[in-house]
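> The primary structure of each chain is shown beneath.
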Amino acid sequence: MATTAFTATKSIQPLSAVNTRSHDQPLFDPRKTTFLGSTRKLRLPDSAKLNQTSLQRRSAVVAVSDVVQEKKLKSTSNLLITKEEGLVLYEDMILGRAFEDMCAQMYYRGKMFGFVHLYNGQEAVSTGFIKLLKKEDSVVSTYRDHVHALSKGVPARQVMSELFGRTTGCCRGQGGSMHMFSKEHNVLGGFAFIGEGIPVATGAAFSSKYRREVLKEADCDHVTLAFFGDGTCNNGQFFECLNMAALWKLPIVFVVENNLWAIGMSHLRATSDPQIYKKGPAFGMPGIHVDGMDVLKVREVAKEAVERARRGEGPTLVECETYRFRGHSLADPDELRDPAEKAHYAARDPITALKRSMIESKLASEPELKAIEKKIDELIEDAVEFADESPYPARSQLLENVFADPKGFGIGPDGRYRCEDPKFTEGTAHV
Amino acid sequence: MWGIVRRRVSSASTLQRMLYASRSFSSAAKEMTVRDALNSALDEEMSADPTIFVMGEEVGEYQGAYKITKGLLEKYGPQRVFDTPITEAGFAGIGVGAAYHSLRPVVEFMTFNFSMQAIDHIINSAAKSNYMSAGQVSVPIVFRGPNGAAAGVGAQHSQCYAAWFGSCPGLKVLCPYSSEDARGLLKAAIRDPDPVVFLENELLYGESFPVSAEVLDSDFCLQIGKAKIEREGKDVTITAFSKMVGHALKAAEILAKEGISAEVINLRTIRPLDRATINASVRKTNRLVTAEEGFPQNGVGAEICASVVEESFKYLDAPVERIAGADVPMPYATNLERLAVPQVEDIVCAAKRTCFRSV
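Chains as they are written, first to last, in full-length UniProt numbering: chain S, 1 to 431; chain Z, 1 to 359.
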């Protein structure tokens, strides 16, 4: 495999890198001209600061081609966390992993059904980003959304019950695996179509800005994270929203979970320039590549991106290079991925890596981490038990929640709203 | 906020002042165009509720491709009336996401033909979220713009989407005809907590209708899901919506001269459909003609027929007549275009057939 893709050093690409190329005169320099008569000034990030970070993270690069080159990259050790932070990260990643493993078991036992997409291997991304958020911050996810919901604080019992299709689920069994919502935790949905969640997330970010600037809610500095995969980055909605988010400086972070495969379509086979982070500067926002198998590196990048959004400095595109340890969904036979590639990434398991790093740096002892694993195991067992014992939705629930307004069902033969008719739920559906 | 150019405003304002002058004149005469009805409804709702904002292509500086948002940018500023790039999927989704957080976006499609690029967000993001989230996430959003057959613009720009959106649970679909409808229904749509598809008609924008003082009151609001009997009659019921209401009323006049008394129902809401009003009328007249611009198969007329057959079968004295657009993409040539869209005489003939009169 002679591809040179991904071999270059990738790190933060500040805007200035686009605008100060000496060998290649840019077509349009926002600092010198007004665009279509607009007086809007592009705000350039502090390039000195960003360059410094990029030096620190020079080794944060892992690539598809590494599978072939067998290049071993040593992780940097200057990413400081406290013991408490480390334990929170570890617990969240273990929770994600154990939950998904249990999902697979329950799926094969017929307890859950339909499409179930598991997150195994990608935990560093969810944990690295979402654990930095405030409760008011929003997360918009994809069909692979269980772990994002868990990281955001939705109780495992509620997520498991939702997967079991029970009334105690976070959406009372009306959403399902691919549609996790929690108003309380600002989980604004898993979206089952490629690209669909990105505009919705951009709109959520827009609402933060609107609240602050139009409704004068001065303390509204809420940030939205949009999670999506490498396959989505070839979809038009991705580009449409990068443009608008940068144009309007919305408080959003676009988090690409580049697991290198869109079902059976290799990222390298689907994308003209596989370095997704490069698309950020093209729209006037920083693009960052980070090793998505290293939660500490993800966290460091996430911290800057989230804070940047919170400060009102606009969006950031973060490409996390990661890998899913299972097939696309539990229905995917996963026959196209090279076993050597799988083995390569399995050896870089983000949970094992964090464990090793914490023990090596004496942040935690083996028994402490074991205790967390045991606690999570019990929590998952409890979630399954809870879900299994929970009732199925009542028949009458079929017709509930179609509208926020119960009058949405219109007017019955007697001139009253249909929903006021005691026989309403009988309808034409067999309930 | 968006850094929109303010420089051009001063040069444009002279022209705008002239336009405003003509508008205030028309409302003083107790007549109002559909365009002004929509504009005033938007204006009043925006002034009453700061969470309402308008977004879409050319809604701001250009004052709206059809001038429905005329003057709003000046009044509410670029933060609440903002021009989007040409990205239907993107901005419709952004509207939905903003509505998730209780803002009330009014998303303008330059025409509803372009809503096809955003249909995923209308159907999958907006209409289904309240249900999927078990009532946690409601989506108070309005998608509005001109719909239906326009004139001479060919197949891709000339189509009625009422039946399409009308078949989707979670959406409310409104089709105003007159200025009263436009004002009352748009206000209802904006105040509604659920996603509303608001289908206007380009050819009606410039038409004037008499408006009462009640309609001009800023509290005026129509009920979603309630049809209006535009003209009472006893021999045949004609259901119509949007531009076809005008055709149906003209047909009723012609029929009256021939001794047939037609009752014209302006549906106003396609979903939820006011089956009660339709069935009550059919039980009185025992005959039914449905009129719409859209395609016949699975159309609004088909749904009304089904409802009448289910609920009032034994009251029918004649087969139901369905008037719809021709089952072809809209042709460009003027003569063919006329053939493809229902005309007044089509409705007249159909009504006569149901009354067993020679046509």
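I should point out that these hints are in silico values taken from the structure, not numbers from a laboratory.
Note that the structure is predicted; figures quoted are calculated from it, not measured.
Just so you know, even glycine gets a beta-carbon here, dropped at the ideal spot from N, CA and C.
Treat the hints with care, as some may be off.
[Stated by the list, open to error] Ranges of calculated distance between the beta carbons of each label pair, as one might list FRET restraints:
{"hint": "1", "chain 1": "Z", "residue 1": "G152", "chain 2": "S", "residue 2": "D334", "range": "34 to 44 Å"}
{"hint": "2", "chain 1": "S", "residue 1": "S361", "chain 2": "Z", "residue 2": "G77", "range": "23 to 33 Å"}
{"hint": "3", "chain 1": "Z", "residue 1": "L339", "chain 2": "S", "residue 2": "K183", "range": "29 to 39 Å"}
{"hint": "4", "chain 1": "S", "residue 1": "E85", "chain 2": "Z", "residue 2": "P78", "range": "55 to 65 Å"}
{"hint": "5", "chain 1": "Z", "residue 1": "I86", "chain 2": "S", "residue 2": "E313", "range": "23 to 33 Å"}
{"hint": "6", "chain 1": "Z", "residue 1": "G152", "chain 2": "S", "residue 2": "N235", "range": "33 to 43 Å"}
{"hint": "7", "chain 1": "Z", "residue 1": "Y332", "chain 2": "S", "residue 2": "L268", "range": "42 to 52 Å"}
{"hint": "8", "chain 1": "S", "residue 1": "N235", "chain 2": "Z", "residue 2": "F356", "range": "49 to 59 Å"}
{"hint": "9", "chain 1": "Z", "residue 1": "P78", "chain 2": "S", "residue 2": "Y108", "range": "53 to 63 Å"}
{"hint": "10", "chain 1": "Z", "residue 1": "S47", "chain 2": "S", "residue 2": "E217", "range": "18 to 28 Å"}
{"hint": "11", "chain 1": "S", "residue 1": "N235", "chain 2": "Z", "residue 2": "L216", "range": "52 to 62 Å"}
{"hint": "12", "chain 1": "Z", "residue 1": "S102", "chain 2": "S", "residue 2": "I263", "range": "33 to 43 Å"}
{"hint": "13", "chain 1": "S", "residue 1": "E217", "chain 2": "Z", "residue 2": "A155", "range": "39 to 49 Å"}
{"hint": "14", "chain 1": "Z", "residue 1": "Y62", "chain 2": "S", "residue 2": "N235", "range": "21 to 31 Å"}
> Hint by hint, note whether the structure agrees.
Results of checking the hints against the structure:
{"no.": "1", "hint": "Z/G152 with S/D334: 34 to 44 Å", "result": "violated (54 Å)"}
{"no.": "2", "hint": "S/S361 with Z/G77: 23 to 33 Å", "result": "violated (53 Å)"}
{"no.": "3", "hint": "Z/L339 with S/K183: 29 to 39 Å", "result": "violated (52 Å)"}
{"no.": "4", "hint": "S/E85 with Z/P78: 55 to 65 Å", "result": "violated (42 Å)"}
{"no.": "5", "hint": "Z/I86 with S/E313: 23 to 33 Å", "result": "holds (27 Å)"}
{"no.": "6", "hint": "Z/G152 with S/N235: 33 to 43 Å", "result": "holds (35 Å)"}
{"no.": "7", "hint": "Z/Y332 with S/L268: 42 to 52 Å", "result": "holds (45 Å)"}
{"no.": "8", "hint": "S/N235 with Z/F356: 49 to 59 Å", "result": "holds (58 Å)"}
{"no.": "9", "hint": "Z/P78 with S/Y108: 53 to 63 Å", "result": "holds (55 Å)"}
{"no.": "10", "hint": "Z/S47 with S/E217: 18 to 28 Å", "result": "holds (20 Å)"}
{"no.": "11", "hint": "S/N235 with Z/L216: 52 to 62 Å", "result": "violated (47 Å)"}
{"no.": "12", "hint": "Z/S102 with S/I263: 33 to 43 Å", "result": "holds (36 Å)"}
{"no.": "13", "hint": "S/E217 with Z/A155: 39 to 49 Å", "result": "holds (47 Å)"}
{"no.": "14", "hint": "Z/Y62 with S/N235: 21 to 31 Å", "result": "holds (29 Å)"}
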